[in-house]
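There are 2 protein chains.
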Amino acid sequence: MGAEAGGGLRGGEAAAAGRPRSEEAHRAILDATLELLLEVGFSALTVEGVAGRAGVGKATIYRRWTSKLPLVVEAFGLLPAFEDVDTGTLAGDLKAMLTRYLEDFLSTPLATVYPSLVAERAHNPELGLVLDPVLKGRRRPLEAALERGVARGEIAPGTDLDLAADLIVGPIAVRLFFRGMKIHPSLVDPMVDLALGGIRRAPRGTE
Amino acid sequence: MGAEAGGGLRGGEAAAAGRPRSEEAHRAILDATLELLLEVGFSALTVEGVAGRAGVGKATIYRRWTSKLPLVVEAFGLLPAFEDVDTGTLAGDLKAMLTRYLEDFLSTPLATVYPSLVAERAHNPELGLVLDPVLKGRRRPLEAALERGVARGEIAPGTDLDLAADLIVGPIAVRLFFRGMKIHPSLVDPMVDLALGGIRRAPRGTE
DNA sequence: ATGATAACGAGACGTACAGTATCGAAATCG
DNA sequence: CGATTTCGATACTGTACGTCTCGTTATCAT
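Residue numbers (our numbering), protein chains in the order written: chain A, 1 to 207; chain B, 208 to 414.
One or more of the hints may lead you astray.
[As the list claims (entries may be wrong)] In silico lysine-lysine, DSBU-like type, Cα no more than 35 angstroms apart, as pairs:
(1) B:LYS302 / A:LYS68
(2) B:LYS389 / B:LYS302
(3) A:LYS136 / B:LYS302
(4) A:LYS95 / B:LYS275
(5) A:LYS182 / A:LYS68
(6) B:LYS389 / B:LYS275
[Claimed, not checked] Simulated restraints on C-beta separations:
(7) B:GLY256 / A:GLU48: 23 to 33 angstroms
(8) B:ARG359 / A:PRO133: 36 to 46 angstroms
(9) B:ALA223 / A:ARG27: 58 to 68 angstroms
[Unchecked claim] If we take Cβ atoms under 10 angstroms as the criterion, some of the chain B residues that face chain A in the derived model are:
(10) GLY225
(11) PRO227
(12) ARG228
(13) GLU290
(14) VAL292
(15) THR296
(16) VAL320
(17) ASP339
(18) ARG346
(19) ASP373
(20) ILE375
(21) VAL381
(22) PRO392
No lab work stands behind these hints, which were simulated from the structure alone. Since the model is a prediction, treat every value here as computed from it, not as a measurement. Built from N, CA and C at the ideal position, the CB exists for glycine as well.
Given only the sequences and the hints, what does the whole structure look like? Please build it.
Structure (structure tokens):
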């Protein structure tokens, strides 16, 4: 979405006439969006509020994003996701990645924005088109760790890694979002061990 | 004793003066809420729309619920939840319960309302107070099935059943809500088997 | 029966925000 | 320069919220 603007020429594009879009305003809008998401949450976020916080006119926002939704999606893309860690063992990788990810939930609007976008998507298929690639990218390091597990012989080849990833993050998602629980870091290890217990002895899944 | 005409008596409470609240209007409001939730989803649901559909004044709604949120929570409580099934084996119970529950997602506004309430709760602790007991009740049959599994010797005593339940519903929640996927009924069996693989061999978790 | 009380459907009202349109000023092009 | 496009600001229309007030209706106490 974000076009390059501000300085002078537009990359390889034909130089447009008129005043270029301010990259400064672009950043200020996204920053204000993240700040307000953390402060008031998704549903209480207003475009007018963002404009005021960013010191920007409403039209400047609507010139770049069609509505509040794609704006929040882009801001969401700036939030931290899984970060790949290679500790030498599958269990070690997963525990390290999940522990770090849980910390991000305390310091960013992730806990608010994530479920809000998910809920909105449930009745807005168009949002899925924009959101799904972002979510898929956030998941990728998790899949990479599982693939390393297969290479190391920790997981049987032919295992459904997509389902395995869902089994690992599932309990965390349920507790964090659906049950509104805090997840103590000491719970990560047993969670991963429990999920891995099923994954390790699953050659084919079907039956 | 006096027959209950129209509205009827107020249980054991002291009879209040004035016209009693119409139970008919109450039902009409909740029915209209469920209809509109299915049609337009949570975020597009308006109290004015509910009032219009129910043939009721707005004040009649606000007299009973302080806002759209508690109204939807009450309507949500009328939607189907897990229904306990005892097939004789743990795997059979879980597969039957999940299969039936997934069907409910196709015929009710569950898929829309569930994530919407969850998202709202993320930035509204008050909502959690009302919502959590409802969610806990909906989960109860799942826990009962797991307890039968312990009694049958299918699960080691001392296993964290709460975590086990999260492991079972986790992948379904992730796919249904976070990834917006449809879950084919044929996927339920491998999902349950995968999760049970970890639960069955988990005497204490910390391996 | 009669009056007090409270809920009823309807809708007017003020507030808040969405999204569009318009302003003069500023930035960049040819 | 002059054409063009963005800038921040703000006026505007439309929708929904949540409150309030109508005249009406149901129920209780007397």
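Can the hint on ARG346 of chain B be confirmed by a CB-to-CB distance to chain A that is less than 10 angstroms? 9 angstroms, holds
Against chain A, is PRO227 of chain B within 10 angstroms by beta-carbon distance? At 35 angstroms from the nearest chain A Cβ, PRO227 of chain B fails the 10 angstroms test, so the hint is violated.
Hint check: 10 angstroms Cβ-Cβ cutoff, VAL292 of chain B to chain A: At 20 angstroms from the nearest chain A Cβ, VAL292 of chain B fails the 10 angstroms test, so the hint is violated.
Against the 35 angstroms threshold, does the CA-CA distance of LYS302 of chain B and LYS68 of chain A hold or violate the hint? At roughly 40 angstroms apart (the allowed maximum being 35 angstroms), LYS68 of chain A and LYS302 of chain B break the hint.
A closest beta-carbon separation below 10 angstroms is what the hint needs, so does GLU290 of chain B meet it against chain A? Violated, about 19 angstroms.
Grab the minimum C-beta distance from THR296 of chain B to chain A and call the hint holds if it beats 10 angstroms, violated otherwise. Not OK, violated: THR296 of chain B not within 10 angstroms of chain A, min 14 angstroms.
Quick one, is the GLY225 of chain B hint okay against chain A at 10 angstroms, beta carbons? At about 36 angstroms, which exceeds the 10 angstroms cut-off, the nearest Cβ of chain A leaves the hint on GLY225 of chain B violated.
Quick one: are ARG359 of chain B and PRO133 of chain A within 36 to 46 angstroms, going by C-beta? 45 angstroms, holds
Hey, LYS136 of chain A versus LYS302 of chain B, does the alpha-carbon distance stay inside 35 angstroms? Roughly 28 angstroms between the alpha carbons, so the hint for LYS136 of chain A and LYS302 of chain B holds.
Would the pair LYS389 of chain B and LYS302 of chain B pass a check requiring their Cα atoms to be no farther apart than 35 angstroms? 17 angstroms, holds
Per the CB criterion, is VAL320 of chain B less than 10 angstroms away from chain A? Interface hint status for VAL320 of chain B: holds (9 angstroms vs cutoff 10 angstroms).
Using the C-beta atoms of GLY256 of chain B and GLU48 of chain A, is the stated range 23 to 33 angstroms upheld? Distance hint for GLY256 of chain B, GLU48 of chain A holds at roughly 24 angstroms.
In terms of the numbered hints stated before, the structure departs from hints 1, 4, 10, 11, 12, 13, 14, 15 and 22, listed from lowest to highest.
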